[in-house]
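Chains as they are written, first to last, in my numbering: chain A, 1 to 325; chain B, 1001 to 1389.
For the record, the hints were derived by calculation from the structure and aren't laboratory data. We put the CB at the ideal spot given by N, CA and C, even for glycine. A couple of the hints might just be wrong.
Not the full set, but computed from the structure, chain B residues with beta-carbon under 10 Å of chain A [to be verified]:
hint : residue
1    : D1190
2    : P1347
3    : D1351
4    : W1362
Taking lysine-lysine and the DSS-like style, the derived pairs with C-alpha atoms no more than 27 Å apart in a straight line are [claimed, not checked]:
hint : chain 1 : residue 1 : chain 2 : residue 2
5    : A       : K246      : B       : K1343
6    : B       : K1372     : A       : K246
7    : B       : K1202     : A       : K47
Now the in silico label distances, taken between C-beta atoms and shown as ranges [as the list claims (entries may be wrong)]:
hint : chain 1 : residue 1 : chain 2 : residue 2 : range
8    : A       : P193      : B       : H1172     : 31 to 37 Å
9    : A       : E22       : B       : T1094     : 24 to 30 Å
10   : B       : L1335     : A       : D297      : 56 to 62 Å
11   : A       : L128      : B       : S1284     : 39 to 45 Å
12   : A       : E287      : B       : Q1367     : 25 to 31 Å
13   : A       : D297      : B       : Q1367     : 25 to 31 Å
14   : A       : I124      : B       : A1005     : 45 to 51 Å
15   : A       : Y325      : B       : D1285     : 55 to 61 Å
16   : A       : Y325      : B       : E1388     : 46 to 52 Å
17   : B       : D1286     : A       : G49       : 54 to 60 Å
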Amino acid sequence: MAKMNLLQAINNALDIAMADNERVVCLGEDIGQFGGVFRATSNLQEKYGRDRCFNTPLTEQGIAGFAVGLAAQGAVPVAEIQFADYIYPAFDQIVNEAAKFRYRSGDEFDVAGLTFRTPYGGGIAGGLYHSQSPEAYFCHTPGLKVVVPSTPYQAKGLLLAAIRDPNPVLFFEPKAYYRASVGEVPEEDFELPLGEADIVVEGEDITLLAWGAQMNNLRKAADLAEAEGISCEVIDLRTLLPWDVKTIESSVKKTGRLLISHEATHTGGYGGEIAATIQERCFLYLESPISRVNGLDTPFPLAHEKEYMPDQLKIYEAIKASMSY
Amino acid sequence: MGDTANRIIQPAFITGADLPIPTLSLLLADGSLREGAEVPALDKELAQKMYRDMIYIRVLDERMIAAQRQGRLSFYLTCTGEEAAVMGTVAAFTLGDMIMGQYREQAALRFRGFTSKQFMNQMLSNNMDLGKGRQMPIHYGSRALNFMTISSPLATQIPQAAGYAYGQKLQHLEACTLCYFGDGAASEGDFHAGMNMAAVLKCPVVFVARNNGYAISTPTSEQFAGDGIASRGVGYGIKSIRVDGNDILAVYAAAVEARKLAITNHEPVLIETMSYRLGAHSSSDDPSGYRSREEEDKWRKKDPIARMKNWLIDRSWWSEQEEKQALESYRKEVLDALKSEEKRPPPPLSDLIKDVYDAPPWHLQEQYEALKAHIDKYPDNYPATSGEG
Chain A
1 MAKMNLLQAI NNALDIAMAD NERVVCLGED IGQFGGVFRA TSNLQEKYGR
51 DRCFNTPLTE QGIAGFAVGL AAQGAVPVAE IQFADYIYPA FDQIVNEAAK
101 FRYRSGDEFD VAGLTFRTPY GGGIAGGLYH SQSPEAYFCH TPGLKVVVPS
151 TPYQAKGLLL AAIRDPNPVL FFEPKAYYRA SVGEVPEEDF ELPLGEADIV
201 VEGEDITLLA WGAQMNNLRK AADLAEAEGI SCEVIDLRTL LPWDVKTIES
251 SVKKTGRLLI SHEATHTGGY GGEIAATIQE RCFLYLESPI SRVNGLDTPF
301 PLAHEKEYMP DQLKIYEAIK ASMSY
Chain B
1001 MGDTANRIIQ PAFITGADLP IPTLSLLLAD GSLREGAEVP ALDKELAQKM
1051 YRDMIYIRVL DERMIAAQRQ GRLSFYLTCT GEEAAVMGTV AAFTLGDMIM
1101 GQYREQAALR FRGFTSKQFM NQMLSNNMDL GKGRQMPIHY GSRALNFMTI
1151 SSPLATQIPQ AAGYAYGQKL QHLEACTLCY FGDGAASEGD FHAGMNMAAV
1201 LKCPVVFVAR NNGYAISTPT SEQFAGDGIA SRGVGYGIKS IRVDGNDILA
1251 VYAAAVEARK LAITNHEPVL IETMSYRLGA HSSSDDPSGY RSREEEDKWR
1301 KKDPIARMKN WLIDRSWWSE QEEKQALESY RKEVLDALKS EEKRPPPPLS
1351 DLIKDVYDAP PWHLQEQYEA LKAHIDKYPD NYPATSGEG
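Looking at chain B on its own, in the form it has when it is part of the complex (with noise of 0.2 Å):
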């Protein structure tokens, strides 16, 4: 014992406030630079498309929810205040990794190519959904895209993240996971596990915690007593950072980084952005049981996407008349799809026995046998199937 470095001979208790975590923040509000701050290497092609996508999710979110409104669709969830938070990191990544979201990533997969048509088919539930309409719409899957199918219980995706990325890892692949989760989906089981299965087993995955403020109605100063999400990942031996959420420089610079630090020396990352939902949680959450205008106005003056356009003009890399022109044509674009799609059929029904296993046995290809012959008998009860023939 006579080693004396770093002993104390008083009970002395450290807290939160011996680690303070600062926050990466490079765009202010009217789109001029933080004094001394550098842009990251970012051309204009892909700042444009990264801005382009970002207009185009807040266009598809605000229709889609006044489609559901209409009773077109059963369900919806916007991203609405935090599409900077996914445009930033999904834009550092190549199509070579996975993305493993929740659920509120739809930038993420306009960024990759999903159409339109492909976003209406999932939420429609028709036969031309990937996921054969077996889920509830906003949970997008494309194998195409490196996207993983969402899963409605939180957290699931975070130890899957590390598995996979240890995965890649074996297979000596120049390709890392993506994994987004929330707020509150941090105080689930799976995250802890998960967080620390990545970094025990150098797992080249890049975490991103999309802090929001809210759990559907319960704010964070109800969900965890600590500094956020970004010091549990220094507990778990995990490089982490902060990051201004609704500020895509600071955003894409950290995804930069983090990327980089997984793919090259094969350890997880924690990004933690900083934003506000700005919408309800979904479709079916009305916020003003929970929170003020006032907090809402707030987080408004801090627009993600307002903060980049004004960057984007003040380089000349944007102006009025295309903004106009965009977001014209993606009103058009995805309500023209919207019309084409839901006049798609729902899928076959021989598709509700399919996928349980790679085929059907004994007793699911029995169950479906009866359940044709009892809708052959009773054809007007279940008008979506019983014409097939």
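Pulled out of the complex, with its shape left as it was, chain A reads as follows (with noise of 0.2 Å):
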């Protein structure tokens, strides 16, 4: 075990996914000598050198298509965007590209080692540009796996398992958890499964579910709700797509009430799917409505980036409000 912060974590998976196989390629803007924006791929191209380590020119979908390409060849790409923020140019590449590859070819072809990494959330005063969470848009497409770790030792051993997955992944890294979240991380190599929630703390009275950037609030909110005897089941999603069903709906079976919470944008976000599922199979069981608990709906804001984030105090608030219902 080694101490390591997020970015460390995501440095050392690649470089171990790099030493692995020497088909990993990573490429992105700005990520060769320089290291990348945040240094997520400090020192990967000294050591692996310029063929596999690369800058390429500003293009985000230029990157994604490039990426596409490499992985149809059988290469293993791990493209970086530098921020979610830029990743719509990409957004054709990889929801009507990557996404559809192997289902539109029928299985001739595929792009099996591809994986698209990229820094999201707000908490670095980042305004609207620098601080979006556009999971959702990519939750509703078929053929990707959409992944986010909270902590270190989940960022190293889901980017592990991510880039070795015969699927594309969009690989969400939470930026503001980037040097922010330190943690005990096994210097070895090692993969945590795809599509498998953690529960962080059991409990026994409402379910408490986020991932990535939202989980520190779900813990500090589950604390104060502590205090006043509420036991709250914490989990981690990890794999928002596919997604940890199971894990979710024995949870609220369990406890009868379940909380949601993202920053990205209320309407059409990702709870609302979790949310749905949740109410057809716990229906029964449920003994409150499902709470949400998210970003407003309006663009991400600067000057009140405090009062847009769907904070602890938020949340406890929506904890004893589902408590009293």
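Grab the two chains, each in its own frame, and use the hints to assemble them into the complex.
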């Protein structure tokens, strides 16, 4: 075990993946010698050469299309989109190409090795265009896997699994945690399974569900509720597509209550999908309506970032409302 | 600032006229060579194969348009008029080279050995379609033939071809990628992204821009204001050439050189083939609404197939008798294939949820089970799949 922050865990996972398989290639804007604007790819070019870790021109659609072609050729590209806010020019290549590559060819071709990494989320005074959480757009696309780690341990284990998964994976990294989140991480190669949620804290009265950058708020809210005698089961979804319905379902059948929280805007957010599925499966077990504590339906603000955020107090209030429904 | 080389002291703007792009042209309409032109190294066997495959495609296109009109196919798209642009390029490449096409390059598939039955199976979405009946007619693909499955969104294959070629380079393969697209697709953002990445990252890819004058109804005069597509290649730092796309020898000569450059230097090359889409954009289109009969007739006289035939006959590599026999056998081959393959059933229902991922996850399995139960309840409404048992 070693102490790492989330960025170091990412860098370590990339290092291991590149050492383990010479077909792993990292590409993106500024990721070469500079090591990326957040330094996630530090020293990789030095270690593995310019052919395997390189800067691209400033074109997200180009990066995505190039990575799709590389993966179709049998390489294992890990493409960085510098901020998730800038992923939209690549939307067609991800949604229409990468996601449908295997299906439309009848499995003649695939992009099995493809992974997109991108920092997402607020908390860094980034305003509209350095704060977004666009995961729901991609969760609406069959063929993609969508993964969001919340700790250095998860970041390493899930990224190694994502790179080796035989499907295109979008890996959203909570940039607010890049340096703030520090934890023990095994130094050796290891993977955490995709598609499995993690029960972080067991509890009896209400299930709290979130992922990535929202996990700290969720845990703080659980602590506030605990002090008032409310026992919260805290679950980290980790993989959004395909998601671990069984774990959430059995938790909600036990607690009778569910609260979902994400930083992304409320309407059309992924919480709605989870809420609908869980009410279908747990209708007779529910003691209160499924609660969602999300970002507002505005573009991501700057001066009012704190007000916009679904922080621990908003979650805490929603827990109490659910308990006293 | 002591450097005076290439400095000017009055504002003078450069224009496309400062870079006039010549057109490579070897073969005249009557099959004779332009004065001083040399025939590229092309033996009789290959020349005959190229010609045979071109007339096969002409036959296939005629028969499939007829079949579409009869309601036997939902959709079709011909290559008529552009056979030389495709055949002259693909013939210069080897099976180890990946082809990433747009959708009008069926001649390349034929050249590599795609059978009449394989064409039919794809167009009929039956249980022998390599694509498992998932895409509209003409979206062919074959791993065995290194022909990437066609995707409807335009130009997406351009940055992908750059990436594919980069992967070939990383593996030190004696291979490159051949990427086709049209004059309309070259307006998409992916064209610019892909060309630039291919140049900067030194990818062994040969881009073939089939400039056929139209994107559905939009003429090139309403598509771009510059000098075609070749001029753009220069801007990206890509060696570029314009060729008469109806001149099989010019196209082949350019393609042989282009492949050599791509493989030897690890660099992209752009070929712009100047041709004309003699047919409609697709079976859903009627060109009489946007272009004149006179214009079409003018281009019909430049038919690339007639031109190659004249050249072959001129050197006694082909005869009217062989032509007649070949056309008869291709018509029979195509119609026999259509008749036999249209009897095949659609792919099994279970294919519906396959290949979304490497294996169907829980939610797809659940949806599939629910669908099967529903079909069992209302079998008459789903005749294609209710009898599977």
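Now for the hints, and whether the structure bears them out:
1. D1190: Holds, because the Cβ-Cβ distance from B/D1190 to chain A comes to roughly 6 Å (cut-off 10 Å).
2. P1347: 9 Å, holds
3. D1351: Holds, because the Cβ-Cβ distance from B/D1351 to chain A comes to roughly 8 Å (cut-off 10 Å).
4. W1362: The hint holds - B/W1362 has a Cβ within 10 Å of chain A, the shortest such distance being about 7 Å.
5. A/K246 / B/K1343: The hint is violated at about 44 Å.
6. B/K1372 / A/K246: Holds, because 23 Å separates the two Cα atoms, which is no more than 27 Å.
7. B/K1202 / A/K47: 21 Å, holds
8. A/P193 / B/H1172: 31 to 37 Å: 35 Å, holds
9. A/E22 / B/T1094: 24 to 30 Å: 25 Å, holds
10. B/L1335 / A/D297: 56 to 62 Å: 59 Å, holds
11. A/L128 / B/S1284: 39 to 45 Å: The hinted range 39 to 45 Å holds for A/L128 and B/S1284, with Cβ atoms some 41 Å apart.
12. A/E287 / B/Q1367: 25 to 31 Å: 29 Å, holds
13. A/D297 / B/Q1367: 25 to 31 Å: Given a distance of about 30 Å, which is inside 25 to 31 Å, the answer is holds.
14. A/I124 / B/A1005: 45 to 51 Å: Given range 45 to 51 Å: holds, Cβ gap about 47 Å.
15. A/Y325 / B/D1285: 55 to 61 Å: With a Cβ separation near 60 Å, A/Y325 and B/D1285 satisfy 55 to 61 Å, so the hint holds.
16. A/Y325 / B/E1388: 46 to 52 Å: 48 Å, holds
17. B/D1286 / A/G49: 54 to 60 Å: 55 Å, holds
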